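Use these hints to put chains B and C onto chain A, whose structure you have.
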Amino acid sequence: MIVRDSNGETLDLMPLNVGPSHPATHGCLRFMAAMDGETIVASVEEIGYLHRGFEKMVERGTWQQVVPYTDRLNYCSAIMNNIAFCRAVESMFGVELPERCKVLRVIVNELSRINDHFVCVAAAFQDLGGTTPFMYAFNPREEIMCIWEKLTGARLTNSYARIGGLSRDAYDGFEQDVLAALDSTEKALKDLHACLDRNRIFLDRTVGIGKISAEKAISYGWTGPCLRACGVAADLRKDEPYYDYETYDWEVVVGTQGDCNDRLQVRLAEIEESVKIVRQALKRLAPGPVDIVDPRIRVPAHKLAYQDMEGLIGRFKSVYEGVRVPEGEFYSGSECANGELGFTIVSDGSGHPYRIKVRPPCLTQFAAFHELVEGGQLADSMAVLSGLNIIAGELDR
Amino acid sequence: MTDEAQKPSIITSSLDFLVNWGRTNSLWPFPYGTACCAIEFMSTEVGRYDLSRIGSEYVRFTPRQSDVLLVAGTITYKQAPILKRIYEQMAEPRWVIAMGACACSGGFYDCYCTVPGIDHIIPVDVYIGGCPSRPEAFFDAMFDLQKKIKDESYMKQRASRVKDQLEMIKAKTAEATAAAKDFAQAKVEMAKEFVSEKEQELVKKAQFWKE
Amino acid sequence: MDFKELTEKFGGKLDAQAKWDDCVVVPREYLHNVVAFLKDDPSCKMDMLVDIAGIDYLTYPNHEGERFAISYAFKSLKHPGLRVRLKVQVGESDLKVPTISDLYANANWYEREVFDQFGIEFTGHPDLRRLLNHVEFVGHPLRKDYPAQKRQWLSTNDYLLPELEKRLETLGYWIVQRSKEVETKDNEFLEGSVKE
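Chains as they are written, first to last, in my numbering: chain A, 1 to 397; chain B, 398 to 608; chain C, 609 to 804.
It is possible that some hints are incorrect.
Here are the computed lysine to aspartate or glutamate pairs in the EDC-like style, where the Cα-Cα straight-line distance is at most 20 Å [what the hints assert, rightly or not]:
#	chain 1	residue 1	chain 2	residue 2
1	C	695	A	327
2	C	758	B	507
3	C	686	C	630
Bear in mind the hints are in silico, worked out from the structure with no lab data behind them. A quick note: this is a predicted structure, and the numbers were derived from the prediction, not measured.
For reference, chain A alone in the conformation it holds in the complex (with noise of 0.2 Å):
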């Protein structure tokens, strides 16, 4: 198309539709770019083509049938999106988690974190052409997943948390496997931070490009580790703690350009401080309760049920007409991997849920990809892209 800019010079733009379907393996994204040779003068983009349809499903369940859907929803780290959503029904009954439970959702928690970190990193920088980071981290996802499949059957998409507890508590052995797994996490930080640190061609693709800035970031509604690489120390486990998250060690990693660079950066720093969190989680890691003992919000135990009367009602009457989560509205978010996952719940008072609106981090931040691209050439497109951690799932939900 032919188009006349406001100096009057007419330029030749060629609309490029870089489509659902494309080798940066983050799955159903589309933007058209209108390029003048190689740069990108204006770009839209679209998204729905992984619209699942969450927020209909979950209303012909029960509440705790929604937990498989949350899964699903950032699946690279789908126990954050357990906890987020169990934290919010927690917070609408009002009740006190014990320790035990506290700690351990922490530990998956930052687990969870480290797994979807590690998958952004590896498939930007295959984006980017280097291929062997890609399988230095995934080494440690490996043990990782091992942890998960013996902790809660399932590798990727596990419905760990529950309302009102976990669904079961940790396996002996448990301790040792995440130790394990952080010394094998450390050691492809190692890794990564020597293939890339120096690397030229890493350098000169991401240094610079995408830049945003702070204020344009927050109007956007930017959360997570994008705004804090542009310099913004916004954290949700620092500034609304909740599980004791301001009692352990650590800091909360902060960016300076607001480039690609540093988003990748603030990624990877964040990997260290999940690392020190859980070693100091597991060493609070004391024998009791996983579950609060009420049996209108957690089931009654297996064993009970089998043996007492009030047991088997309990039991009965939790799964078949679902939790009585208290009537009214409520918006709680949780600090997730890519940034505040929020859920705006809607109760009426009854087993099933009313309405469950889930606000999900990356859709603010592919909002702005135009913002970020605009003036840029094609192949930085993709570095930028990348950078963001855009799961399709959790965008369209």
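For chains B and C alone, kept in the frame of chain A given last:
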């Protein structure tokens, strides 16, 4: 090919064996990954479960260069025409693996936006269950596909092999488009009725005010 | 948080349904002013719009009032931990709400999603079209009277060229000659491949 040449003989069967051996041991996948199964596929590619040991050394993200269209993840109606287009752009011989519950049957997303299984759109050779499918299940499926390929005769055009599946897809597509048209027409009718009702009300009001 | 200004100046009412956080129901005419106030006033300084959620109360037991409501959630980075929600009630007969996409950049997509799923129009929105569902979708799926299993086929994917041209125009370019929309030609399909 003349009729005589199409009859099986020692030459054609050895040729078959050779060609199929080549195809079986160098299946190049095109991971059409949309959702969680794509992440499990990434785990299959690297390290512990190594995909290159069965010949798929590096995944090609282009339909022209690949043999196996590996649909991993949920396909929505918005994505469906694109999947179909990509399938049509692949060159023969090509096979399709539906990985994961969502690709096989829509998974537990039984709603207005998901296609209930990609066999409504393209013919599928191997289905893998699981949510997401384990890497071992994926390997099992690849071995099944290899067994299937070994039995193929390269002379019989693939199109005729998948003719039944394609007919079914055509029928389902026609049904779905007809249903969509009916629904849209019903909405248009409703809108027209609404408008005519409003008009009548206004006419009545005008008459009332005249009097 | 002190709600005196919101309730007195703008006619808002504290929402009884919000038992665990703060929510104020404001009339839709004052929405833009309320949001501008929340954004600029130094005592609250809500610099981030967190979420816009549409709610359909059709099958809610004992609900009095309008059928739809929109919940705006805000968060302050200056005062960490300070959050507030606004609620606007929208009736079925008048599905128009003023937009706040000039105050917050992410309201653009949030409002498009509410329009897509519920059918509520936002007056003044620069680009109100569907976000998640496909372009040939008829209806608004998240309304309670839309059956969950009703599927809608899409025959072709939408061309983004009109949107691209709009974006160019907002950037200050003047379109002199449009591109032709490209149709698939026969030679795109290799010999021997199956074409429907």
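Right, here's what the structure says about each hint:
no.: 1; hint: 695(C) x 327(A); result: 17 Å, holds
no.: 2; hint: 758(C) x 507(B); result: 9 Å, holds
no.: 3; hint: 686(C) x 630(C); result: 18 Å, holds
Hint compliance for this structure: every hint is met.
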